[in-house]
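If you read the protein sequences in the order shown, they are chains X and Y.
The numbers in the working numbering rise by one with no breaks, and the one at position 19 of the first sequence is 19.
The numbers in the working numbering rise by one with no breaks, and the one at position 268 of the second sequence is 268.
Where hints are given, some of them may not hold.
Example chain Y residues on the side facing chain X (calculated, C-beta under 7 Å, incomplete) [said to hold, decoys possible]:
| no. | residue |
| --- | --- |
| 1 | M44 |
| 2 | I46 |
| 3 | G79 |
| 4 | M84 |
| 5 | S91 |
| 6 | A92 |
| 7 | P95 |
| 8 | Y141 |
| 9 | H143 |
| 10 | R234 |
Quick caveat, the hints were computed from the structure, so don't treat them as lab data.
We put the CB at the ideal spot given by N, CA and C, even for glycine.
Single-letter residue listing:
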Amino acid sequence: MGRYVLRRLLQLIPVFLGTTFLIYALVWAIPQDPFAGKCGQRPCDPAYIAEMSQKLNLNDPLVVQYFKYLGNLLVGDFGTTFNGVSVGEQIATSWPITLKMGIIALIIEAVIGIVAGVLTGLRKQGFLDNLVLVSTLFLISLPVFVTGFVLRLYLGPQGFDLMDTSVSSDPTFGELILPGFVLGSLSMAYVARLTRSSIVENRRADYVRTAIAKGQPQSRVVGIHLLRNSLIPVITFLGTDLGSLMGGAIVTEGVFNINGIGGLIFRGIQEKEGIMVTGIVTLLVLVYLLMSLIVDLLYAVLDPRIRYE
Amino acid sequence: MEFRTRDGVAKVLNGVSYHVSAGETLAVLGESGSGKSVTAQTIMGILDTPPGFITNGTIKFRGEDLLKQSAEERRQVRGEGIAMIFQDALSALNPVFTIGFQIEEQLKVRRGMSKADARKRAVELLDQVKIPNAKGRVSDYPHQFSGGMRQRAMIAMSLALDPELLIADEPTTALDVTVQAQIMDLLAEIQKEREMGMILITHDLGVVADVADRISVMYAGRIVEHADVYELFRAPGHPYTESLLESLPRVDLRGQELKTIKGLPPSLTNIPSGCPFHPRCPRAFDRCPTEVPAVHNLGMGRTSRCHIAEEVVARG
Numbered sequence: 001m002g003r004y005v006l007r008r009l010l011q012l013i014p015v016f017l018g019t020t021f022l023i024y025a026l027v028w029a030i031p032q033d034p035f036a037g038k039c040g041q042r043p044c045d046p047a048y049i050a051e052m053s054q055k056l057n058l059n060d061p062l063v064v065q066y067f068k069y070l071g072n073l074l075v076g077d078f079g080t081t082f083n084g085v086s087v088g089e090q091i092a093t094s095w096p097i098t099l100k101m102g103i104i105a106l107i108i109e110a111v112i113g114i115v116a117g118v119l120t121g122l123r124k125q126g127f128l129d130n131l132v133l134v135s136t137l138f139l140i141s142l143p144v145f146v147t148g149f150v151l152r153l154y155l156g157p158q159g160f161d162l163m164d165t166s167v168s169s170d171p172t173f174g175e176l177i178l179p180g181f182v183l184g185s186l187s188m189a190y191v192a193r194l195t196r197s198s199i200v201e202n203r204r205a206d207y208v209r210t211a212i213a214k215g216q217p218q219s220r221v222v223g224i225h226l227l228r229n230s231l232i233p234v235i236t237f238l239g240t241d242l243g244s245l246m247g248g249a250i251v252t253e254g255v256f257n258i259n260g261i262g263g264l265i266f267r268g269i270q271e272k273e274g275i276m277v278t279g280i281v282t283l284l285v286l287v288y289l290l291m292s293l294i295v296d297l298l299y300a301v302l303d304p305r306i307r308y309e
Numbered sequence: 001m002e003f004r005t006r007d008g009v010a011k012v013l014n015g016v017s018y019h020v021s022a023g024e025t026l027a028v029l030g031e032s033g034s035g036k037s038v039t040a041q042t043i044m045g046i047l048d049t050p051p052g053f054i055t056n057g058t059i060k061f062r063g064e065d066l067l068k069q070s071a072e073e074r075r076q077v078r079g080e081g082i083a084m085i086f087q088d089a090l091s092a093l094n095p096v097f098t099i100g101f102q103i104e105e106q107l108k109v110r111r112g113m114s115k116a117d118a119r120k121r122a123v124e125l126l127d128q129v130k131i132p133n134a135k136g137r138v139s140d141y142p143h144q145f146s147g148g149m150r151q152r153a154m155i156a157m158s159l160a161l162d163p164e165l166l167i168a169d170e171p172t173t174a175l176d177v178t179v180q181a182q183i184m185d186l187l188a189e190i191q192k193e194r195e196m197g198m199i200l201i202t203h204d205l206g207v208v209a210d211v212a213d214r215i216s217v218m219y220a221g222r223i224v225e226h227a228d229v230y231e232l233f234r235a236p237g238h239p240y241t242e243s244l245l246e247s248l249p250r251v252d253l254r255g256q257e258l259k260t261i262k263g264l265p266p267s268l269t270n271i272p273s274g275c276p277f278h279p280r281c282p283r284a285f286d287r288c289p290t291e292v293p294a295v296h297n298l299g300m301g302r303t304s305r306c307h308i309a310e311e312v313v314a315r316g
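Go ahead and model the full structure; you've got the sequences and the hints to work with.
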């Protein structure tokens with residue numbers, strides 16, 4: 001097990017280098033003057049160009065630039081934008097907001113998705129089953145920004161006025177519930193369907209019959225024997241999903257005007273702040289890689305038949 | 001007992017009746033699809049409904065009709081009064097829990113034992129079924145056990161609540177021959193020690209001859225013959241049993257062609273009229289396709305559902 005973890009961690013290095021280089025190249029190798037439009041209507045002051053080129057190593061070949069950037073990253077320096085704003089500081093203020101929203105989304109999709117999946121999986125057909133199948137199909141086919149706008153409009157003051165849908169610049173958990181729900185809605189539908197099919201598949205399994213024959217109470221037959229086996233694929237899905245929720249927050253944060261990582265990366269792209277974009281994407285790649293490692297390790301814990309040598 | 005399927009209603013069990021006393025082994029013998037496992041699952045109350053429906057009948061355990069009990073009362077009987085072991089222990093044991101957990105669960109949930117006591121008892125039980133190094137293996141998972149060891153663990157689990165009746169549904173079918181014999185010996189030994197009743201469901205005549213006291217032979221969902229094991233092997237009272245015995249390979253008849261029963265067992269949605277065995281019966285005559293044979297009493301507790309049962313027995 002220890003050796004496996006070490007090997008996986010070592011594998012992270014080339015993957016990390018490859019993806020970050022790709023992003024760096026895509027952002028900085030564009031055949032365009034990086035200073036175009038940076039100084040208003042006038043061309044930039046040569047002294048400013050020289051200073052920034054020096055700072056961003058723009059005079060070096062791309063590969064050298066990349067490794068210099070990487071070297072700075074390793075000591076925790078994300079660099080500064082053209083306006084002199086520290087990327088590290090920006091990330092430090094936005095990151096917790098997106099993380100909070102991602103965790104809320106994950107909790108919502110896990111709880112609602114699994115409960116709906118178990119209930120429908122246990123009694124196939126009937127009203128509840130059809131309700132879940134239709135509503136999940138609905139969620140899967142709707143783009144997230146539509147779900148977001150519709151919920152914000154109808155639940156908010158302009159609609160039925162059920163709740164305050166605005167989100168402050170330093171949002172609390174309560175304010176993030178609706179955005180979290182929107183962010184997790186698509187995955188919630190998948191979780192419900194995955195759980196349902198997994199339960200249906202396992203509930204006629206021999207070991208379930210054994211548990212019944214042992215005279216175990218129904219709650220244990222379902223809650224321990226059936227659920228433990230059925231949730232293996234669901235939990236691995238949820239694990240990788242936390243990684244993608246972070247990236248997927250761009251749209252949701254846009255709809256709800258939230259100052260998170262998504263908004264930051266969006267502005268970075270719009271304002272051609274290459275250093276901002278590379279910094280954030282690098283971080284997202286890292287989160288994703290770590291989550292998939294955790295999921296792989298979790299898999300062995302959940303299913304003892306899987307052994308890593 | 002019937003199964004309501006898309007192809008029509010399958011009368012899976014019809015007029016099946018047997019009894020087992022403490023310390024006695026009853027073998028239920030029959031081909032695949034003759035309803036032996038369904039009988040066992042009906043007794044346990046673990047049949048899926050739908051498609052299974054019990055239309056009428058009684059299952060008496062300690063004088064009480066299980067079918068009249070509430071679901072909760074029946075659950076209490078399972079494991080405590082009647083326990084069951086299954087054919088394929090690998091799929092019957094939960095793959096994600098340790099053997100110890102699955103035994104201790106019974107003791108903790110049903111008997112309210114503490115964790116430490118349950119662990120101690122689980123090791124004792126594994127020891128009783130002769131699993132070497134029981135203390136070390138109690139925290140192993142089912143896939144870490146060999147086939148025979150898994151079935152032993154399954155037996156240990158079924159014994160956890162000291163049941164009075166053990167139903168063994170083809171316990172050795174998935175095992176190789178040498179291991180089969182060990183498991184059967186173990187079952188016989190445990191049964192003797194605990195004065196436990198046992199229903200042994202099997203299609204293996206050899207297994208039956210070794211351990212059973214009495215035999216019920218099933219065909220197409222009904223019991224066609226019921227006899228003491230010695231009597232049955234000496235002189236079968238039903239042409240089906242007779243054909244079964246003749247189809248056994250015998251050392252003294254080496255070189256001769258092995259006799260088989262011609263045809264296939266009937267589909268349970270479409271059971272032949274009269275005696276269900278008549279299309280395959282070498283002794284069939286004009287009454288067989290039209291009249292359902294009555295139960296013929298052959299003395300000493302022997303019964304046979306054949307029009308000419310007396311004649312069949314006499315020919316021995």
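Self-check item: Status of the hint placing Y141 (chain Y) at chain X (closest C-beta pair under 7 Å)
Solution: Nearest chain X Cβ about 5 Å off; hint holds.
Practice problem: Using Cβ atoms only, decide whether H143 (chain Y) comes closer than 7 Å to chain X, and label the hint accordingly. | Solution: holds, 5 Å
Quiz prompt | Hint check: 7 Å Cβ-Cβ cutoff, M84 (chain Y) to chain X | solution = holds, 5 Å
Quiz item: Given G79 (chain Y) as an interface hint, is the shortest Cβ-Cβ distance to chain X below 7 Å?
Solution: holds, 4 Å
Quiz item: Holds or violated: is the Cβ of M44 (chain Y) closer than 7 Å to a Cβ in chain X?
Solution: holds, 5 Å
Self-check item: Status of the A92 (chain Y) interface restraint (C-beta, 7 Å, chain X)
Solution: Nearest chain X Cβ about 5 Å off; hint holds.
Quiz item: For the hint on R234 (chain Y), does the least C-beta distance to chain X fall short of 7 Å?
Solution: Where the cut-off is 7 Å and the nearest Cβ of chain X is about 36 Å from R234 (chain Y), the hint is violated.
Quiz prompt | Satisfaction of the S91 (chain Y) interface hint, Cβ to chain X closer than 7 Å | solution = Given a least distance of 4 Å, the restraint on S91 (chain Y) holds.
Quiz prompt | Cut-off 7 Å, beta-carbon criterion: hint that I46 (chain Y) touches chain X | solution = Holds. Min distance 5 Å.
Self-check item: Cut-off 7 Å, beta-carbon criterion: hint that P95 (chain Y) touches chain X
Solution: At 6 Å from the nearest chain X Cβ, P95 (chain Y) passes the 7 Å test, so the hint holds.
Checked against the numbered hints given earlier, the structure breaks only hint 10 and satisfies all the rest.
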